[in-house]
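Enquirer: Let the hints inform the model, and build the full structure from the sequences given.
Line by line, the protein sequences are chains A and B.
One rule links them: number in this note's numbering = place in the first sequence (from 1) + 10.
One rule links them: number in this note's numbering = place in the second sequence (from 1) + 1.
Simulated from the structure, these hints should not be mistaken for laboratory data.
Backbone N, C-alpha and C define an ideal beta-carbon position, used for all residues, glycine too.
Treat the hints with care, since some could be wrong.
Distance ranges between label pairs, derived from CB positions [to be verified]:
1) Glu-115/B <-> Asp-143/A: 49 to 55 Å
2) Asp-143/A <-> Gly-174/B: 25 to 31 Å
3) Lys-168/A <-> His-112/B: 40 to 46 Å
4) Lys-25/B <-> Ser-73/A: 26 to 32 Å
5) Lys-52/A <-> Arg-203/B: 42 to 48 Å
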Amino acid sequence: MEGLRIVGDPNVLANKYYESAADEIVFMDTVASLYRRESILKIVEKASENVFIPITVGGGIRSIENAKQLFSRGADKVAINSAAVSNPSLITEIARHFGSQSVVVSIEAKRVENGWEVFINNGREPTGIGVGDWIQKLKGLGAGELILSSVDRDGTKKGMDIELLRMVRDRCQLPIVAASGVGSLDDVVEVFEQCDVEAVAIGTALHSGAIQIADIKNAIQVNGMEARYPC
Amino acid sequence: MLIPSIVILDYGVGNLHSVWHACKQFSENVTVISDFSEYSPATHIVLPGVGAFNVAISEIRKRRFDELINSSIKEQTPILGVCIGMHVLAKIGFENGENSGLGIFDAEVRHLSEQAEIDEQRIPHIGWTKVETTNNESQANNDLEISGYFYFAHSFGYVDLPKPYILREAVVGKLRIPAVVKSGSVTGVQFHPEKSGANGLRFLRKFFETGRNNSEQKIS
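Expert: Below, the structure written as structure tokens:
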């Protein structure tokens, strides 16, 4: 597929990050709609054998049955993007069955003329919905957390979209996991200092070896903030 | 050398998978049972937990696990309740209506928002929180290997439990959430040891090393 590069075996990487003090593992099945679901289920099942931190799984979850399968294989939370937009009641349904703590809404935001627009299908498809409006609509639906990604910054290692994160923080009390764009330790420190988010999700910069988890946590502590390290 | 035989109670809720794998770190002999009739004597019993109080307690009664738990307490078999598995050990729960629990702890299980003036939107309490030792000087407290960060994911918690039974608390804003409670051979934890990395595994190891009558043996 265009734009995708294989960086390694997901289970090998999950183990490595668990051993190096990651606080949570997020598996995003970016090609979920194109391939069978069984592959992600196997990855989750295998990870839960020896990764004893929370596991969040996103990509292609369209029904409560999809979520149930993932929970039964060892996922702690499911992250929903496309299906949340087309069917917001799915958030409520999963929260009712499995608790709010198990439902994460994943938002893929892309800069447009007057702010940010919600994208779906791994940043490929616009929805015409403003991110601010989407945040308002999510209130009271039952989600326990947000993962906020930037389509513009994802995979670029050019730093996070601070303005986007601030805008969402101002409108939303849910815990926010900031994603997309981390390339350096400074990027992580900057986002925690300026955006009051609960967590940062990092893919590319860790997979490529540009930065290490221990160094990230150390940088956070050196700058006077709290990090679970050593753990 | 003690090899614990661990029984995990399946009452239709929760992340059995993760709990099972965590227990397997300490024993080859881990079984999951879904009814009292499947029980053969074990050294340790685990009540896992993700789910709602009303559903969990009704399934526990349906599967006669209440009888199993009560008879195991008489034999002083160590029992561990995790999150909802801890909640059902309380006298009463208020999740989805009022339901009586197993009454092992003289506590109520209430929504966190009822316990302090905090913004409701900050609930559920999800994430890594440091647990703090309470002013409890009991031996049971000193025996626990619990310090540092543990992983929490919950909206309800214990209230009104007499202090001597609370061994650790998690402080979240204005809330002081009982994180570890103990009465005799029964321990309840609000956090998820199976999701708390090395700290969680250390806690579980210690729990499985403690046998009946608090006798201790090392797991090789």
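Enquirer: Give a verdict on every hint.
Expert: Now for the hints, and whether the structure bears them out:
no., hint, result
1, Glu-115/B <-> Asp-143/A: 49 to 55 Å, "violated, 32 Å"
2, Asp-143/A <-> Gly-174/B: 25 to 31 Å, "holds, 29 Å"
3, Lys-168/A <-> His-112/B: 40 to 46 Å, "holds, 42 Å"
4, Lys-25/B <-> Ser-73/A: 26 to 32 Å, "holds, 31 Å"
5, Lys-52/A <-> Arg-203/B: 42 to 48 Å, "violated, 29 Å"
The structure is inconsistent with the numbered hints 1 and 5, although it conforms to all the rest.
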